[in-house]
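Chemist: Place chain B on chain A using the hints.
Here the protein sequences line up with chains A and B, keeping their order. Residue 134 in the working numbering is what sits at position 134 of the first sequence, and the numbering runs on without skipping anything. Residue 376 in the working numbering is what sits at position 376 of the second sequence, and the numbering runs on without skipping anything.
Hints may be right or wrong, so weigh each one.
Identical copies look the same in the list; a pair holds intra-copy or inter-copy alike.
Derived SDA-like pairs (lysine to any residue); straight-line CA-CA distance at most 25 Å [what the hints assert, rightly or not]:
no.	residue 1	residue 2
1	Lys63	Glu312
2	Lys357	Asp133
3	Lys208	Gly102
4	Lys399	Glu369
5	Lys288	Ser35
6	Lys357	Arg385
7	Lys396	Leu81
8	Lys206	Thr460
9	Lys38	Arg109
10	Lys288	Glu57
11	Lys335	Tyr248
12	Lys206	Asp469
13	Lys137	Arg330
14	Lys254	Arg330
15	Lys226	Ser150
Worth flagging that the hints you see were computed from the coordinates, not collected in a lab. What you are looking at is a predicted structure, and each value in this text was computed from that prediction instead of being measured.
2 protein chains.
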Amino acid sequence: MAKGDKNVEMITSRDVDFAQWYTDVVKKAGLVEYSSVKGCVILLPYGYAIWEMIKTELDARFKAVGNENVYFPMFIPESLLQREKDHIEGFAPEVAWVTHGGDEELEERLCIRPTSEVLFCEYFANAIQSHRDLPKKFNQWCSVVRWEKSTRPFLRTREFMWQEGHTAHATAEEADAFTLMMLHLYADFAENYLALPVLRGRKTEKEKFAGAKETLTIESMMHDGKALQTATSHNFGSDFAKAFDITYTDKENKLQHIHQTSWGLSTRLIGGIIMAHGDDNGLVLPPKIAPIQVVIIPIASHKEGVLDKAYELENTLSRHFRVKLDVSDRTPGWKYAEYEMKGVPIRLEIGPKDIEKGQCVLVLRDNGEKIVASLDNLVEEVQMRLYTIHKAIYEKARKNRENRTNTAFSIDELREKLDTAAGFVKAMWCGERTCEDAVKEQATATSRLMPFVSENIGDTCFVCGKPSDTLVVWGRAY
Amino acid sequence: MAKGDKNVEMITSRDVDFAQWYTDVVKKAGLVEYSSVKGCVILLPYGYAIWEMIKTELDARFKAVGNENVYFPMFIPESLLQREKDHIEGFAPEVAWVTHGGDEELEERLCIRPTSEVLFCEYFANAIQSHRDLPKKFNQWCSVVRWEKSTRPFLRTREFMWQEGHTAHATAEEADAFTLMMLHLYADFAENYLALPVLRGRKTEKEKFAGAKETLTIESMMHDGKALQTATSHNFGSDFAKAFDITYTDKENKLQHIHQTSWGLSTRLIGGIIMAHGDDNGLVLPPKIAPIQVVIIPIASHKEGVLDKAYELENTLSRHFRVKLDVSDRTPGWKYAEYEMKGVPIRLEIGPKDIEKGQCVLVLRDNGEKIVASLDNLVEEVQMRLYTIHKAIYEKARKNRENRTNTAFSIDELREKLDTAAGFVKAMWCGERTCEDAVKEQATATSRLMPFVSENIGDTCFVCGKPSDTLVVWGRAY
Chain A
1 MAKGDKNVEM
11 ITSRDVDFAQ
21 WYTDVVKKAG
31 LVEYSSVKGC
41 VILLPYGYAI
51 WEMIKTELDA
61 RFKAVGNENV
71 YFPMFIPESL
81 LQREKDHIEG
91 FAPEVAWVTH
101 GGDEELEERL
111 CIRPTSEVLF
121 CEYFANAIQS
131 HRDLPKKFNQ
141 WCSVVRWEKS
151 TRPFLRTREF
161 MWQEGHTAHA
171 TAEEADAFTL
181 MMLHLYADFA
191 ENYLALPVLR
201 GRKTEKEKFA
211 GAKETLTIES
221 MMHDGKALQT
231 ATSHNFGSDF
241 AKAFDITYTD
251 KENKLQHIHQ
261 TSWGLSTRLI
271 GGIIMAHGDD
281 NGLVLPPKIA
291 PIQVVIIPIA
301 SHKEGVLDKA
311 YELENTLSRH
321 FRVKLDVSDR
331 TPGWKYAEYE
341 MKGVPIRLEI
351 GPKDIEKGQC
361 VLVLRDNGEK
371 IVASLDNLVE
381 EVQMRLYTIH
391 KAIYEKARKN
401 RENRTNTAFS
411 IDELREKLDT
421 AAGFVKAMWC
431 GERTCEDAVK
441 EQATATSRLM
451 PFVSENIGDT
461 CFVCGKPSDT
471 LVVWGRAY
Chain B
1 MAKGDKNVEM
11 ITSRDVDFAQ
21 WYTDVVKKAG
31 LVEYSSVKGC
41 VILLPYGYAI
51 WEMIKTELDA
61 RFKAVGNENV
71 YFPMFIPESL
81 LQREKDHIEG
91 FAPEVAWVTH
101 GGDEELEERL
111 CIRPTSEVLF
121 CEYFANAIQS
131 HRDLPKKFNQ
141 WCSVVRWEKS
151 TRPFLRTREF
161 MWQEGHTAHA
171 TAEEADAFTL
181 MMLHLYADFA
191 ENYLALPVLR
201 GRKTEKEKFA
211 GAKETLTIES
221 MMHDGKALQT
231 ATSHNFGSDF
241 AKAFDITYTD
251 KENKLQHIHQ
261 TSWGLSTRLI
271 GGIIMAHGDD
281 NGLVLPPKIA
291 PIQVVIIPIA
301 SHKEGVLDKA
311 YELENTLSRH
321 FRVKLDVSDR
331 TPGWKYAEYE
341 MKGVPIRLEI
351 GPKDIEKGQC
361 VLVLRDNGEK
371 IVASLDNLVE
381 EVQMRLYTIH
391 KAIYEKARKN
401 RENRTNTAFS
411 IDELREKLDT
421 AAGFVKAMWC
431 GERTCEDAVK
441 EQATATSRLM
451 PFVSENIGDT
461 CFVCGKPSDT
471 LVVWGRAY
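For reference, chain A alone in the conformation it holds in the complex (with noise of 0.2 Å):
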């Protein structure tokens, strides 16, 4: 991938241009490239590497929920996106139309998907007749497109990688409990597995998805102070059912509406990673996900018995762990400053006086500690480094978050925080469209979320001044 020494050139420094800093780490670190379809992105091996082990260990889990995989078409027909009101509005504006197979023109046009509800609705309502046929639990792995003017690889680009869960339930007991279920399970896969602290709550009325009743949205904090909702679990009680007509006959043999939900994660994911962990240096990789966890440098390769060890660990690590060895012939300084830039959490130096003394030097990703470390048990350390990191970028993002959350009482005051420094507010609000469009326009600001555990830090709305219970978190998003 590296031509000459480009790839460990100086990156813009974060403090300095967080936009162009971000840029700079995806292209550099090769995990996408532009091409010539405009708004989209190409996702190179190591870019590509991240989303398969994001795949693999998302998918375990849910199937172990019961979850089963499917593949819908790309294409839904213009008059089967109509049949739900709220829906179309909310997506007709940015789909992609398809007018033409070959050199004739389609009798109707198709768009290619922004996400699939309706076509599995189509197929619920044929599928389902009895309470028999339920619960249906389906997710399919694709891409989906919207028509976005602007592009930011991860972030915002026309075309990107997702998966997409969709649900039938007979009942919406069933439905409410499933729809927290799988955002418990996006929020733990967030903590546990990416290191990223997430807030968790419902989204308001004005933000949640179209056509939905309810969305629940975990909500996590960029380096910038910045938002990124990083997954959301929608509840579509019977609203799409009605407009579907999905039934089914129950126990007692009545006719019922079905119960649905929905729930998605896409590769905005990955840039979230980047803008929470990310410093001056590239990436900085949770272990878990990192496609390489170890990379293992030679030093002084020329020198008799050093590569030899340096294959040997290679072996022996490669049991436990995705490893790297290089032994191309750049000089260690250009290996180092690749790897950083690449997040890989722990470079591993071994070198003629390491191996007379039976140790190596460990050096680790997140805050340059340099570790010597015995090669008798090499594997337990590794465990050990891999597991603190995991603790140490979490807490590092939490702290972020927790320095930059504040609370306001007026507009004013909530616009004020927001241009010294971006971060979160929290602010309690009357539950009006209203007052949550002043914030949007005097302070360019929108709801996040109303957290499931809340905090009354007053009893009055900060827009208006009405009675109000609710607290709602407010910040500037991706």
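Modeler: This is chain B only, laid out in the frame that chain A set:
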């Protein structure tokens, strides 16, 4: 999935109407469902699970020979598609065109990838400069779109799932060797994983991939004697490299064009598995890719101890195999028919008398054989039976091919043989396109391949009578 007892209704016999048998099986086994999107089908959990099995195994084999996964955009700008003349001529008539994004008409229309050579070429042209950047071995798992007129699940749909590998090499020799290695990788996978015997060879000029210098293919024969192209591996030489100006500087600092390959395999393969192995009771799945390898059916499950023992067996066998225990209130007879339809290799029946005797009954899907098996060494017994089923269905398919392979020394003879009973026909061919066209026109047969291991069944072309040393296998194909 099942509603009432519909799933176990009789299906059409293979000998009465093979096409109808096929349609019955894919629906009643729960592999696919039609949707309102014309020409596209839904892959349901059982069908998608088979694709996942194929993906997991092939992906590991690809990576073992140095291929890396990537993801390229699904769109191709019209001007980019037109860069290689033969390629555009091959694909333009059957691509889907996106003309609008939201309400706006696009400046340049985009096709949805029918295959991605041109996108990879564009990337290679930018990313490759020095011999140090080579080789590049990329693969992607995705769907592609070809605007076909007719629809047949797995065999011909407008959107279908596949993988496409794209590699760039410094020398012609390396590209030649890699093209061949990937073909053998596919062949080994087909034979040793899917129990699908294949012929290995080269396509003629007429039948090769649009833009390729050479196309290698594996061809298998279905139960009805028709051919299925199972996977292909293409050698592009430097033709695309010249059209896209993809060069590198070699070790002597001279500018050279790269040499490229591509290779692919799709969900058509699932159609092949169905048609090669299936019988009048439904699917017969190769044990290595069967989503359920052993189904446990408790007999007289209300009797004391039966369910306990069934759960115990599930627990024991699940550590080694993919197992399903069906404790639903369906009758055993319904369950037998259901899992036969689904092609589950082994049915395990366990009832009160079996338990008394410390045994169970294994019923083999391929030949209906019933085996009384001791519970003492059940894991070994099942392991052995899965192995022998694999061997047996491979051998049955190979015998079918052998019995249906003939020779011909004139077009009339070839036509007559194919009209009597479809199959492969070997005949010597001079290499001229006109003779190949004549076979197509007069016998509606195509050249399937020129086998790597040739035979000399004559010295002259069976069409024109000119000298020939090339054996071609002809047939009618899906």
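Chemist: Decide, hint by hint, whether the structure agrees.
Modeler: Verification of the supplied hints:
1. Lys63 with Glu312: between (38 Å within a copy, 22 Å between copies)
2. Lys357 with Asp133: Neither: 67 Å inside a chain and 38 Å across chains, both beyond 25 Å.
3. Lys208 with Gly102: between (39 Å within a copy, 21 Å between copies)
4. Lys399 with Glu369: within (20 Å within a copy, 66 Å between copies)
5. Lys288 with Ser35: neither (30 Å within a copy, 39 Å between copies)
6. Lys357 with Arg385: within (21 Å within a copy, 55 Å between copies)
7. Lys396 with Leu81: neither (44 Å within a copy, 48 Å between copies)
8. Lys206 with Thr460: within (20 Å within a copy, 78 Å between copies)
9. Lys38 with Arg109: both (22 Å within a copy, 12 Å between copies)
10. Lys288 with Glu57: Cα proximity of Lys288 and Glu57: in one copy and across copies (10 Å, 23 Å).
11. Lys335 with Tyr248: between (62 Å within a copy, 24 Å between copies)
12. Lys206 with Asp469: within (18 Å within a copy, 75 Å between copies)
13. Lys137 with Arg330: between (51 Å within a copy, 22 Å between copies)
14. Lys254 with Arg330: Classified as between; 23 Å across copies, 73 Å inside a copy.
15. Lys226 with Ser150: For Lys226 and Ser150, the Cα distance is within 25 Å only inside one copy (18 Å; across copies 50 Å).
Checked against the numbered hints listed earlier, the structure breaks hints 2, 5, 7; every other hint is satisfied.
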